[in-house]
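**Student:** Using the sequences and the accompanying hints, generate a full structural model.
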Amino acid sequence: MSCTSQFSMGNAISDWNNDNWPDIISLDMKPEEETLVKSTVGADPYNIFLLKRSFGYYNQFPKNMLQINRGNGADEQPVFSDVSQFSGVEATDWSWAPLVTDLDNDGWKDIYITNGIWQRPNDLDYLIYLSSKQVQQMASDRELASKMPSGKASNYAFRNRGDLTFEDVSAKWGLDLFGVSNGAVYADLDGDGDQDIVINNLNAPASVYENEIGSTNNYLKVELEGSNLNPFGIGARVTITIDGKTQIQEMYTTRGFLSSVEPVLYFGLGKAHTVDRLEVNWPGGQHTVLETIPANETLKVRQDETTSGHPSSLVSEKYIDPVTADQFGLSFTHQEDQFVDFEQEPLIPNLLSTQGPHMAVGDVNADGLDDLFIGGARGQSDVLFYQRENGHFERAVGLFPENVSSEAVDAVFFDCDQDGDQDLLIINGGGAYKEGHPGLLDRLYINDGLGNFTLNPDALPTVARNGSCVVPLDFNRDGALDLFIGVRSVPGIYGIDPQSMLLENSGDGHFRDVTEQFLPEQGRLGMVTDAAVLEGDGDRKLVVVGEWMPVQLLTIGSNVWQTHELPGSSGWWNRVVLADCNQDGQQDLILGNWGLNTNLHASPEEPMGLYVKDFDGNRKLDPVVTHFRQGKEYPLVSIDEMTKQMPEFRKLLRTYTAFSQLGFEDVFTPGIRAGAVEKKVVCLSSSIALSDGRGNYRLQPLPNAAQLSAIFGILAEDLNGDGNTDLLLAGNFNGSTPALGMNDASLGILLLGDGTGHFRDAGLNRSYWRITGETRDLQLLQLPQQKLVVAARNALGLWVGRLEEVE
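Start counting the sequence shown at 1; every next residue gets the next number (the working numbering).
Honestly, the hints are just simulated from the structure, not real lab data.
Remember, predicted model here, so these are calculated numbers, not experimental data.
Incorrect hints may appear among the rest.
As a list, the in silico DSS-like pairs of lysine-lysine whose alpha-carbon atoms are at most 27 Å apart [unchecked claim]:
1. 644 <-> 613
2. 152 <-> 644
3. 133 <-> 644
**Tutor:** And the structure:
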């Protein structure tokens, strides 16, 4: 697992998503209420987080974690991904005991969590009070403790929806007791087949809850009789199968926080009246198989009555076979530099300078084979690999300078001078330099036709900006490829739209800037991250996506291009890829977004906001990010983070409690924010925009598996030979503030298309598509006898997988 809870007061292991792999839940102290988030100690500042890691601490965050088991990795060790924020269970305050069991007997395990502490020692105002030398000298320990605020809180119950998400049913199920609860157990106290709950309360009587929600569904109780030395069968695994769907449970009795349940396994069956198959795998390797078991009974299974036969196993369809990059000569490790954007822009939510590496594929030496370019980070040389006839790759030597000051963020092979070979354009970016710095100048290399490249320093306008992407297009139909260059941001001024560029090719590989003549808003389209050319019936469009902006379709014409925005599409978009996913002959838009497994939430009713203005009059623009909690808009950052850039506000907000109770509009009144640049985000889901064949697009989210992380890499191919477009997705992003945590629950996603624009998740355990780290780009390489998927990963080596033929 890539990260853990910081304190982990209570833990449980249970397969809550019914994929036959046991998952882990760990509890921490993150509150749900924004007032408590703002007034108590939370995540470490970024510099402290990095310092702890340098001393060997792991990636720890003060929130609950729901670690979903992704099966065994390449080293045969289990791999876990935290999906707590997507599932909706990450914040339950000062939590102790998790019970993961099927409370409503619908076949899906629910979660019950006890909560509270008698007094809250991490209250920030209390810690300030406690740090006073005068107070320490005059007050007794009893007096100091009496000033500590109460930590009483409500318990939580979550109903499993069966789609990786949970519904908060604490009040609905009557389990939201307010107080200080810690230990908890379940048992069928009244013998009606559902599980009742007993909890221990501090300085109060214990609570007993009779279950009235599970009686409408069927159940099966299983009691195991093991060996003399293990009478309860501790460690045994029980698997039941109903209509091809399985549930597993393991026999162990420790639960939650200092608690133990009875040695009985409870299976909710929903409306099923029969269990088709029950299998017990006993410690020591024996197994028992029973069939056609009626519901609503207590089944006793003895270890000494084991049966013959073979235990069930998972069936795999191996779509991708992971191989080593060195096996094909693709030895490259991205070396991210140590620049930290937060040091010069403390209010931004994410690092802006870890966007690489990106790749480009083309036949540079006219031998009919795919060659591969990979961009390096600041201070690292770029790399070109030539493919040889045997499918092995050879690294070009001395082609690109060492220790360069620029950082490659995108690249493309295209014939810029119409001589029939593939030239190379490298786009540079990052937040380390201000606009105009030579390190941000893009580079055009001219191919001699044999795969040897020479830098042409005079081919491009001397414009140095924080680039993000490049798209060759012949916008004026003169036969020469022109260039759209997207620009991500203005370094040091987050939130202000930079000027993207349209460069016209003179025909011989020299370009002039025609941005203001053709691009709307003089090229200030937004904080652009990617673009693509959409070919239609008689017209062409440039699709542009980015951060804090909607999906834009620019109609390419002879005058200023007209812009159409997809309704409800303003997001944090990372990637756009075009493919016909519904077989109507029109290209659809596959869109990689930030994902839903994050502390941030956005909708048309409760959007994320960005307000940019010099709010405190110090001649520096201040980007204030906001989000909604409990129906109210709040600044995303803490008062300490906010006043680090805007110290004048400390005079107005003297206590943490006072700040925590103020919404965004209370602090930034209409008068204060007048004239501010305002942006909104209403969609964080990675999505597909389906064409209706008439130039209109309908935005719909991709399946839940695609929402577990930010998506940066997308490949659209027919992988199973059924004639439908399938999708390979990869991503992850670990450059957010510690308060936001790591957005890295993806190990790669394989979505199989049905030809109508809908997709189903093939599952990690079926596709063998398991890629760790932060993928920034995916490319497909054609070899003489096979195809390779190559993933370029930030600060890691290449991940390579061989596409398998699946019948």
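**Student:** Need the list of violated hint numbers for this structure, in ascending order.
**Tutor:** Hint 2 contradicted; others consistent.
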